[in-house]
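S.K.: If you want the building blocks of each chain, they are given just below.
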Amino acid sequence: MTEPGDGQSRQSSRFAELLECTPRGLYCPAGDFYVDPWDKVDYAILTHAHADHARWGCKRYLAAKSCESLLRVRLSNQIDLQTLSYGEPLRIKDALVTLYPAGHILGSAQVRIEVAGKVALITGDYKLQADPTCVAWEPVRCDLMVTESTFGLPVFRWPETPCVIRELIGWWQENQSQGRTSLLLAYSVGKAQRVLAEVLNACGLDVAQKIAVHGAMLGPNRAYRTAGVELPEFPSAASLPSDHDWSQSLVIGPPSSQSTGWVKRFSNPSLAMASGWMAIRGTRSRRSVDRGFVLSDHVDWPDLLTAIDTCQPEQVWVTHGFSEVVSRYLAERGMAAEVLQTQFAGEESEPANQDTPELTP
Amino acid sequence: MRAFARLYQRIDETTKTNDKVSAIREYFAGASNADAAYALYFLLGNKLKPSLPTRIIRQAAARSAEIPDWLFEETYQWVGDLAETAAAMAKGTSVSCDEPLHRILLDSLIPLLQSTAGSKRASSKSPSGTLKRQELDAAVASKLIEFWSRYDLLERFVFNKLLTGNLRVGVSTKLVTKALSQCSGVPLDELTHRLMGEWEPTEAFFKQLVAPEYAENSPAKPYPFCLAHPLPDGHAREHSASDYFAEWKWDGIRAQLVRRSGQTFLWSRGEELLEGRFPEIESAAQGLPDGSVLDGEILAYRDESPMPFTLLQRRIQRKKPSPKMMQEVPVVFVAFDVLEHARQDVRGESFEKRRTMLESLPLGTPANAMTLRRSEVFEFDDWAKMFQLRDKAREYGAEGLMLKHRLGLYEVGRVTGTWWKSKVTPYTVDAVLVYAQRGHGRRAGMFSDYTFALWDEDRLVPFAKAYSGLTDEEIAKVDRWIKEHTTQRFGPVHEVPAQIVMELAFENLQVSSRHKSGIAVRFPRILRWRHDKSPQDADRLEQIKEMLRQQGNRTF
Chain W
427 MTEPGDGQSR QSSRFAELLE CTPRGLYCPA GDFYVDPWDK VDYAILTHAH ADHARWGCKR
487 YLAAKSCESL LRVRLSNQID LQTLSYGEPL RIKDALVTLY PAGHILGSAQ VRIEVAGKVA
547 LITGDYKLQA DPTCVAWEPV RCDLMVTEST FGLPVFRWPE TPCVIRELIG WWQENQSQGR
607 TSLLLAYSVG KAQRVLAEVL NACGLDVAQK IAVHGAMLGP NRAYRTAGVE LPEFPSAASL
667 PSDHDWSQSL VIGPPSSQST GWVKRFSNPS LAMASGWMAI RGTRSRRSVD RGFVLSDHVD
727 WPDLLTAIDT CQPEQVWVTH GFSEVVSRYL AERGMAAEVL QTQFAGEESE PANQDTPELT
787 P
Chain L
4 MRAFARLYQR IDETTKTNDK VSAIREYFAG ASNADAAYAL YFLLGNKLKP SLPTRIIRQA
64 AARSAEIPDW LFEETYQWVG DLAETAAAMA KGTSVSCDEP LHRILLDSLI PLLQSTAGSK
124 RASSKSPSGT LKRQELDAAV ASKLIEFWSR YDLLERFVFN KLLTGNLRVG VSTKLVTKAL
184 SQCSGVPLDE LTHRLMGEWE PTEAFFKQLV APEYAENSPA KPYPFCLAHP LPDGHAREHS
244 ASDYFAEWKW DGIRAQLVRR SGQTFLWSRG EELLEGRFPE IESAAQGLPD GSVLDGEILA
304 YRDESPMPFT LLQRRIQRKK PSPKMMQEVP VVFVAFDVLE HARQDVRGES FEKRRTMLES
364 LPLGTPANAM TLRRSEVFEF DDWAKMFQLR DKAREYGAEG LMLKHRLGLY EVGRVTGTWW
424 KSKVTPYTVD AVLVYAQRGH GRRAGMFSDY TFALWDEDRL VPFAKAYSGL TDEEIAKVDR
484 WIKEHTTQRF GPVHEVPAQI VMELAFENLQ VSSRHKSGIA VRFPRILRWR HDKSPQDADR
544 LEQIKEMLRQ QGNRTF
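Chains as they are written, first to last, in the numbering used here: chain W, 427 to 787; chain L, 4 to 559.
Hints in this document: simulated from the structure, not taken from any laboratory.
As the structure is a prediction and not an experimental result, all values here were calculated from the model.
Ideal Cβ positions, reconstructed from N, Cα and C, are used throughout, including at glycine.
One or more hints might be untrue.
Said to hold, decoys possible - SDA-like cross-link-like pairs, simulated, lysine to any residue; straight-line CA separation at most 20 Å:
#1 L/468 - L/517
#2 L/480 - W/711
#3 W/690 - L/19
Claimed, not checked - So the derived label-pair ranges between C-beta atoms look like this:
#4 W/449 - L/394: 51 to 61 Å
#5 L/152 - W/602: 34 to 44 Å
#6 W/690 - L/420: 52 to 62 Å
#7 W/635 - L/71: 47 to 57 Å
#8 W/740 - L/80: 46 to 56 Å
#9 W/600 - L/131: 52 to 62 Å
Kindly generate the complete structure, drawing on both the sequences and the hints.
M.R.: Here you go:
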């Protein structure tokens, strides 16, 4: 394991003007801004609207245009936010900043920073699989690539999305025949909308009337519609009469709703979860769900390697997840790779719920 | 393969007993006798022997996934399940496999397992032996990679579980038997009896098993064991103590002694034939009348008192004990029930009647030289006296008392109301967490296996490992703490600073010169996380040894 100080000095030396890792987050000295800082700073570029990347309290923000509606719902309507279309360059002091689609959720972006002919790419969270609710990931040639590694172990190999969606619909139909509510746990920003869109694409718009969501999803759903994603208005489960017949319904709630009174309204529900973590039996049974659907908004092992191969960086900084394993593997394949010390030391397992803050309706 | 893998998944996915039973029932209804025989064999927890050495599975998985060995190990450490890690990494297909289960076993799996027997022989210390072993390993790994390529993810996983002998399905024997009884029409108790003892998973066996009339009658066949429930708190208030007989509850090996057709068969509770392991018991049993079956406990016994279970364990491990071992650890069979008397199945008689029959049998006669003994029976007119005796159990080397209703029949399995067990309160100790390892199964990937230490002067000496007792939330907290505080790693073992104190409970603690800490522990478990205690407040080894000595605990 590299000493934190040791790692920092090497990380800063070669790309000193471009990017450095500070206690407040990734910082670009040439442009005097941070990317996804974990502290309140003057100028923050955000890769996407999830709580662990987009923090409240910065003076100015920059994000992708399609991210705006979500950020205003998640942070505040009052934030000082400038937006950029994908591919539209912006000069910030001595740095040239361009955002490229990351394919993670609506409005997610990779941040390309160019300083004196050297290019850094910060992927944020990203995936290569198709997703009807966001623009597909784009490869960007770079010298320094900062990549996430949430699922950076070779056991993570995502099944084809249409297969997973077929399974999910099969589960719903089986529950319908038994008169059980299909209760699906999915993160309320991104995963929920992706599942909804996929199910409607597969089954047709008619099934929409049998679908309800947790109150925490109303805001994000609206933000998706504002940004132009076709998504019908689903009622919140709590807004339906207490004698509502749930036996044919698909209801989507955030993972944290599992242990709340909210789930008590459904008669004999079958509980499922859609997440990349469902690929592992241990995490699935810890969650105590009846079914796990392997559906992730992050790159799996093969896609992580494909992305790096395609972007052809001279150096890779690995963060967020299995960074030590991934950087050691890359180094063995002859690539200059290092662990980027983030705020949280050690390996990451199932992340804390990204949706806890919005649980209060 | 598809049907069996799917059955495994259905059982694994649900926590509801009814869903499990119907999944099993539906499987049997659709399976051929040849497939059903194997499925039943595995559902009941049997394993194929020998199992495949895990080094071959690791090697094959790394090769199939085209990754270095260290990366396989890192991943396996995180996932916590070898079969699952290998299945998820290996290249396979997404189309499930039509081949029937028994064909896969007979054509692929069993030959593969047998081919590794040669590799074990070749593993001598000579360089040529090592080379030979590596070649054999590589050949077996290649075959394995080829098998994987035919199966989908779930099938690869189940296949690997069969290879490693770790297919632990979340169903009890009782549940499986119940499901089979429902779809075959053979009554549950009858089916349980038919399934006792050793059998081969063949088409012919299964056909006979579910037939209306049972033809097979081996003299070795044991009866299903009757099991006890812990005595509920309120029981004493609602029932009369005089309805019960009490016996010591021993910490030995529960066993059934069968004497039929001039032969003796000694069965463990896990239905393993203990042939040859306890020759003194088998030879003493020759004096029993033909057509007798006794239920009892095997104990290591010297000077009229039982020796610790750890010593008895050394006897179980030996297929054939040496004369020296037999002298060092002599054993006895304490009979407490009779199931067959004068060739008659007497399980339908009351406990009182069976006890009379037991008294009439020639046990403890000069011929069997005290090796066959009868349990001592106590009667009480009030509960207080019973509990008083129970609390003295440790002085007699027992764990507590067994209570048996006078009119109770010898039931099949764990039936409420006839047999109760009442144990003495366990020992408790405050100990410091010093090492942690990732768990398996439900706790896969989380640091949930802990090593605890006690103070000896100013040193912490590890003395016990404990896995269970914390809530999921507490485990998550400890897990995070360990990840942030690991000071050193020894392979999978993480060392942490002395900071966390937990209260541990034990069924038994004994002073032992054979253990580094000087204490032998039995059934350690975590009672609670002592947030209120600092590591300095944890117990000292010397204190505990002193307490055990004062209680008359003998040193072994």
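S.K.: For every hint, state whether the structure bears it out.
M.R.: Verification of the supplied hints:
no.: 1; hint: L/468 - L/517; in the structure: 17 Å, holds
no.: 2; hint: L/480 - W/711; in the structure: 18 Å, holds
no.: 3; hint: W/690 - L/19; in the structure: 18 Å, holds
no.: 4; hint: W/449 - L/394: 51 to 61 Å; in the structure: 60 Å, holds
no.: 5; hint: L/152 - W/602: 34 to 44 Å; in the structure: 37 Å, holds
no.: 6; hint: W/690 - L/420: 52 to 62 Å; in the structure: 35 Å, violated
no.: 7; hint: W/635 - L/71: 47 to 57 Å; in the structure: 53 Å, holds
no.: 8; hint: W/740 - L/80: 46 to 56 Å; in the structure: 31 Å, violated
no.: 9; hint: W/600 - L/131: 52 to 62 Å; in the structure: 59 Å, holds
Of the numbered hints given earlier, the model fails hints 6, 8; all others are met.
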